[in-house]
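Participant: Listed below are the residues making up each chain.
There are 2 protein chains.
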Amino acid sequence: MTGITIIGTGSMGRAIGTRAVAAGSRIQILDRDRTKARELAEQLGGDILTGTVGDTPDGDIVVLALPFEAAKEVVVSYGDALSGRTVVDITNPVDVSTFDSLVVPPDTSAAETIAGLAADGAAVVKAFNTTFAATLAEGKVAGQPLDVFIAGDSAGARKAVADLVNAMGLHPIDVGPLRRARELEGFQFLMMTLQADPAKQDFNWNTGVKILTPA
Amino acid sequence: MTGITIIGTGSMGRAIGTRAVAAGSRIQILDRDRTKARELAEQLGGDILTGTVGDTPDGDIVVLALPFEAAKEVVVSYGDALSGRTVVDITNPVDVSTFDSLVVPPDTSAAETIAGLAADGAAVVKAFNTTFAATLAEGKVAGQPLDVFIAGDSAGARKAVADLVNAMGLHPIDVGPLRRARELEGFQFLMMTLQADPAKQDFNWNTGVKILTPA
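Chains A and B, in that order, give the protein sequences.
Just so you know, we're using my numbering here: the first sequence kicks off at 1 and counts up by one.
Just so you know, we're using my numbering here: the second sequence kicks off at 1 and counts up by one.
Read the hints as simulated data drawn from the structure, not as lab findings.
Hints should not be assumed to be uniformly reliable.
The list makes no distinction among identical chains, and a pair is therefore deemed to hold if it is satisfied within one copy or across any two copies.
No farther apart than 35 Å at their CA atoms in a straight line, the calculated lysine-lysine pairs in the DSBU-like style are these [claimed, not checked]: (1) K140 to K200; (2) K140 to K36; (3) K140 to K159.
Model the full assembly from the supplied sequences, consistent with the hints where possible.
Facilitator: Structural data, given as structure tokens:
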């Protein structure tokens with residue numbers, strides 16, 4: 001099993017960590033605050049490496065479990081240290097001032113923006129942006145394993161993330177090139193407007209998007 | 001039950017007609033070729049009005065079961081005759097020459113384009129663009145009623161379509177303003193790339209996108 005480094009200890013870092021423990025992955029957790037990394041590692045259980053942002057990533061797969069602005073900063077600050085690794089962007093860059101669009105222009109995506117800032121040898125992959133944290137920690141909704149949509153320009157990096165997702169007990173769907181992140185971010189933005197709508201009592205940040213296939 | 005006029009007798013016209021019969025709706029089918037309209041009406045069964053494109057729509061809800069270019073032409077040719085009606089755009093304006101983007105710019109949508117061409121008093125609604133024809137005719141996938149995402153700037157028109165969708169035995173999801181069609185069209189484009197991918201054996205234009213909620 002490929003090692004995974006999770007940068008960030010918020011709800012998504014915790015959820016991805018929970019799944020990574022279930023997968024039996026070698027795990028490293030980094031946070032700006034080393035204490036937070038240690039606390040999350042203890043809560044998740046198992047033998048988890050911890051450290052601060054800036055430490056050399058242990059994992060071949062580095063998950064930026066951070067908001068968009070922080071993810072950009074971390075990619076820039078790591079520079080060449082991310083070369084040769086698969087860097088997973090999970091962000092949904094919603095303009096929270098209006099909740100009516102993303103902060104990235106419609107002809108690009110957060111994932112492509114982050115890829116533009118990353119070192120040449122880093123393979124940026126979009127994944128886990130359509131899985132809400134509570135649902136992801138659970139791994140399923142309504143008895144069905146979560147779909148995890150994976151976009152990236154490196155087929156090898158997409159495969160590495162898909163293998164990890166499978167090991168996590170989830171269902172990977174390879175959607176092709178990184179620019180497909182535009183559609184993934186757009187759709188999840190729409191999903192988020194539904195969760196935030198008080199008229200939609202069924203939607204409480206705990207739903208899952210699933211492609212159903214005939215039985 | 002509100003009456004529904006279906007313009008177009010292709011696979012989507014047939015599927016929506018099938019659901020409308022199941023709903024017990026008053027139905028009118030129009031096609032450029034009156035014979036095709038009559039044939040579909042006979043196949044669907046029941047007491048269905050038929051005619052040619054250009055005839056006055058009988059339904060309060062007019063479904064453009066047409067490709068994007070044809071839908072634009074029909075809206076322009078009808079002009080004020082669509083005033084006071086709910087006009088449903090179902091299109092997915094995929095650039096089939098590349099299968100890598102839509103033909104509409106990323107800061108708009110087919111639905112908004114059609115609304116821009118429609119008479120002032122016509123309320124354009126996006127719906128049924130994420131339901132493939134075979135799946136829609138069936139009404140469900142893997143035992144689950146299909147989700148039908150509905151976007152439009154008129155709350156009354158969205159409600160009218162949602163009521164129809166409910167009567168069809170499907171699950172309406174009101175996603176708000178017509179500009180949300182950007183995200184709906186984008187996501188369905190991504191879905192279509194998956195169906196068209198020979199490596200994805202599970203996807204054969206018969207899947208359904210569903211928002212799962214906790215049991």
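Participant: If the cut is 35 Å between Cα atoms, do K140 and K36 qualify within a copy, between copies, both or neither?
Facilitator: Result: close within a single copy only, 27 Å intra versus 46 Å inter.
Participant: Go through the copies and call it for K140 and K159: within, between, both or neither, with a Cα cutoff of 35 Å.
Facilitator: both (21 Å within a copy, 31 Å between copies)
Participant: Could you figure out if K140 and K200 sit no more than 35 Å apart (CA to CA) within one copy, between two copies, both or neither?
Facilitator: Both ways: K140 and K200 sit 21 Å apart in one copy and 22 Å across, limit 35 Å.
Comparing the model with each numbered hint stated earlier shows that all of them hold.
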